[in-house]
Amino acid sequence: MLNAEVKVYKNYITLFFIPIIPLGKKYSIYIPHSDEYFENNYFSRMPAEYVEICKDVGRKY
1 MLNAEVKVYK
11 NYITLFFIPI
21 IPLGKKYSIY
31 IPHSDEYFEN
41 NYFSRMPAEY
51 VEICKDVGRK
61 Y
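Per my numbering: the sequence shown ends with 61, consecutive numbering throughout.
Any given hint might turn out to be false.
Cut-off 25 Å, straight-line C-alpha distance, at most; resulting in silico cross-link-like pairs (DMTMM-like, lysine to aspartate or glutamate) [stated by the list, open to error]: (1) K55 / E5; (2) K55 / D35; (3) K60 / E39; (4) K7 / D56; (5) K60 / E36; (6) K25 / D56; (7) K10 / E52; (8) K7 / E52; (9) K55 / E36; (10) K26 / E5; (11) K25 / E36; (12) K7 / E36; (13) K7 / D35; (14) K25 / E5; (15) K55 / E39; (16) K10 / E36; (17) K26 / E52.
Simulated from the structure, these hints should not be mistaken for laboratory data.
Go ahead and model the full structure; you've got the sequences and the hints to work with.
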């Protein structure tokens, strides 16, 4: 087991700063023990096992 910092970003279409329609989620994970940082967005991919961990965290929030 390792400690990690997982961030879940939710994207919305907004109208006058009010979120209207959810578009999806983006994830990032930072592992301080090995100093690794991964993002799951348009330009970078993270390993599959980390994506599953982030999705599990994202279901709770």
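Worksheet item: When the hints from earlier in the document are held up against this structure, which numbers fail?
Response: Nothing - there is no hint that the structure violates, so all of them hold.
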